[in-house]
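So you can see what is in the structure, the chains are spelled out below.
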Amino acid sequence: MTLQRPQSGAPIPRGWFGRLYDEIVACRVRGDGRTIAAVRTPSGTVLSAIRTSVAGGQGAGDDYKGQFKVGMTGGGLYIYDGANETSDTAGVIFAGNRAQEFPRTLLETTEGDIYVILEYRATSPFWFTDVHQGGIADSPYLSNPRAAHFLIASYIGGLITQQHTTGAIYVTGRWLS
Amino acid sequence: MSWADYGFPDTTMMPCYLPAKALQLAYAERETIVAGQESSIAEEYTPNLFVEENGRHFTQGSDEMFGGHCWTIPGTYINHLLDLDIPVSPFGSGRPQIFWREDYEIRDVIEAADTTGLGYLDPHMLFSQNPLTMMPEWSKTWLEQRYLAMNLLKVAEVPFTVTRRHGNSGSTFFATPQLAHDHAVANSAAEELPGDWPLSNLSMETTIYERAGLGYSCDFRVIDRVAVDYSKVPHLAGLPAYIYVGTAAGTIWDDGHTFDNHGFPIRDGEGIVTKIPLPWESEGIAQPAGGLTAGSFGYTIRQYTGAQYTGAYRKFFWQYAGVDVSSRFQFYDDVDAIAAGAA
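Protein sequences, first through last, are from chains A and D. Quick note on my numbering: the first sequence kicks off at 1 and runs consecutively. Quick note on my numbering: the second sequence kicks off at 1001 and runs consecutively.
Each hint should be verified, as a subset may be incorrect.
Said to hold, decoys possible - Have a look at the derived ranges for each label pair, beta carbon to beta carbon:
#, chain 1, residue 1, chain 2, residue 2, range
1, A, Pro11, D, Glu1283, 36 to 44 Å
2, D, Ala1237, A, Thr129, 50 to 58 Å
3, A, Thr166, D, Gly1117, 26 to 34 Å
4, A, Ala168, D, Gly1036, 49 to 57 Å
5, A, Glu108, D, Thr1115, 39 to 47 Å
6, D, Ala1112, A, Ala122, 23 to 31 Å
7, A, Arg121, D, Ala1237, 52 to 60 Å
8, D, Gly1094, A, Pro6, 38 to 46 Å
9, A, Pro125, D, Asp1324, 52 to 60 Å
10, D, Asp1010, A, Pro11, 41 to 49 Å
11, A, Pro11, D, Ala1340, 27 to 35 Å
12, A, Gly112, D, Thr1115, 42 to 50 Å
13, A, Pro6, D, Gly1269, 52 to 60 Å
14, A, Glu111, D, Pro1009, 38 to 46 Å
Claimed, not checked - Below, a sample of chain A positions facing chain D; criterion: calculated Cβ distance under 8 Å:
#, residue
15, Tyr120
16, Ala122
17, Trp175
It is worth saying that the hints were derived from the structure and are not from the lab. Backbone N, C-alpha and C fix where the C-beta goes; we use that ideal spot for every residue, glycine too.
The task is simple: from the sequences and hints, build the whole structure.
Here it is, written out as structure tokens:
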């Protein structure tokens, strides 16, 4: 925090407003994704504690009953809609005015993070979804600027830690219509 | 690098900082092309300000994105899509005007091309003014409008030179207008002047005086050559160049000559601008196209007054040279068909 308040009556230095913006952004409350979740909403930032793991294969967030739930169901590890376990749709990704349904998806029981991916291509049908399991650095979509990764859950040591607990996914930081 | 490297023309889902960086670089090109300088903006605003999610973002349209030059650069580019059969307004009032202005001519093109129903989105807004019509942060419509606006800036105003010639037959009278003109030509001299000097205006006139019992005398002022001043912009040599010029028809500066363009393809009419390729050179010493006969033939270039002496090379007169520099831009896509078709 090095930004100094301009003296009254003195010209505002070039770039001062940009640095002010940066400082404001730097003051945003953030969670660590493991124990504290911070969710920005139109009415403010909501902080919540992420439950720690429990035995039985289901870890933090096992009480989450919303979209993009990751858990053992139907005999396998799935991404599904926690509010409607039999639905073919696991959730919806909103990208501007696009509402892209994400299908209920069987996952591999491999160690690592679980990402939902939304990709835009310039040819029809334009919008595609996928899953990546593992480190984000190993994602085949990493170099694709039009693909967005959303961390949904982690599957480590046989425990599932639900990272995404806010229902539908809203794409931010992208040019959209 | 090019627009395509940053996702244009369809930037859907591109990270906010990449196309924004392209806009910044495109502005930098357009700001510096005439001076032949490396961009200062590009150095000043390096991509470290574009940090992706969870970091700092440029806000769309902010001064920092364009170095604060958003409004001034268009004013140095000629509107190459202008319908030259429609009268042009003087600086300071009305529209259309010959130079692009963000709030008027560019806005008109954008509104006409809009297919979203959102209309013209303020390029300079720091934050969304209307959450009902703007996306939460990064409106692709806004970006497409800026892309279109940037690609409209392609004919840059450049310095030019005028070689003018003045001659007269003095107090001697001759048996025919031709002999009087010949004598005036023999006593003429040419000089090359910078295009922004008052004496370098592109007016031409030939006056044949008839004195009963004495014969004819002649006075003329003609242009030998108009060209881009490549001594000041040598790096623009070889590019398509034009002079945009308008007569004083219907204004207080109209000298009342019988209109005759002396072979310079200028058109007559109040506010009517003619686009003429450069260099232009007279075939010999320009004479009235209607022949040499008693009377005053020619045209006068329209002038400005007072504070309207603005711009780098556009003092005093309606005569502006422009070079199509689009081939020198890395960030240029030909969107003229979109703009012209929609306009």
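Each hint tested on the structure:
Between A/Pro11 and D/Glu1283 the C-beta distance comes to about 58 Å, which lies outside the given range of 36 to 44 Å. At roughly 53 Å, the beta carbons of D/Ala1237 and A/Thr129 sit within the given window of 50 to 58 Å. For A/Thr166 and D/Gly1117, the Cβ-Cβ distance of about 31 Å falls inside the hinted range of 26 to 34 Å, so the restraint holds. Our hint of 49 to 57 Å for A/Ala168 and D/Gly1036 holds, since their Cβ atoms are close to 52 Å apart.
The beta-carbon spacing between A/Glu108 and D/Thr1115, approximately 44 Å, falls within the hinted interval of 39 to 47 Å. Between D/Ala1112 and A/Ala122 the beta carbon distance is about 25 Å. The supplied range of 23 to 31 Å therefore holds. Between A/Arg121 and D/Ala1237, the C-beta spacing of about 43 Å breaks the proposed range 52 to 60 Å. Judged by the Cβ atoms, the range 38 to 46 Å given for D/Gly1094 and A/Pro6 holds: they are separated by roughly 40 Å.
Distance hint check for A/Pro125 and D/Asp1324: the Cβ-Cβ separation is about 40 Å, which falls outside the suggested range of 52 to 60 Å. For the pair D/Asp1010 and A/Pro11, the beta carbons lie near 42 Å from each other, so the given range of 41 to 49 Å is met. Range check, A/Pro11 to D/Ala1340: Cβ separation about 44 Å, and the 27 to 35 Å hint is violated. In this structure the hint that A/Gly112 and D/Thr1115 lie 42 to 50 Å apart at CB holds, the actual value being about 44 Å.
The supplied range of 52 to 60 Å is met by A/Pro6 and D/Gly1269, whose beta-carbon atoms lie about 54 Å from each other. Range check, A/Glu111 to D/Pro1009: Cβ separation about 42 Å, and the 38 to 46 Å hint holds. The criterion of a C-beta within 8 Å of any C-beta in chain D is met by A/Tyr120, whose closest approach is roughly 4 Å, and the hint holds. Given the 8 Å rule on beta carbons, the hint for A/Ala122 holds: about 6 Å separates it from the nearest Cβ of chain D.
Interface restraint check: A/Trp175 against chain D, minimum CB-CB distance 5 Å, threshold 8 Å, status holds.
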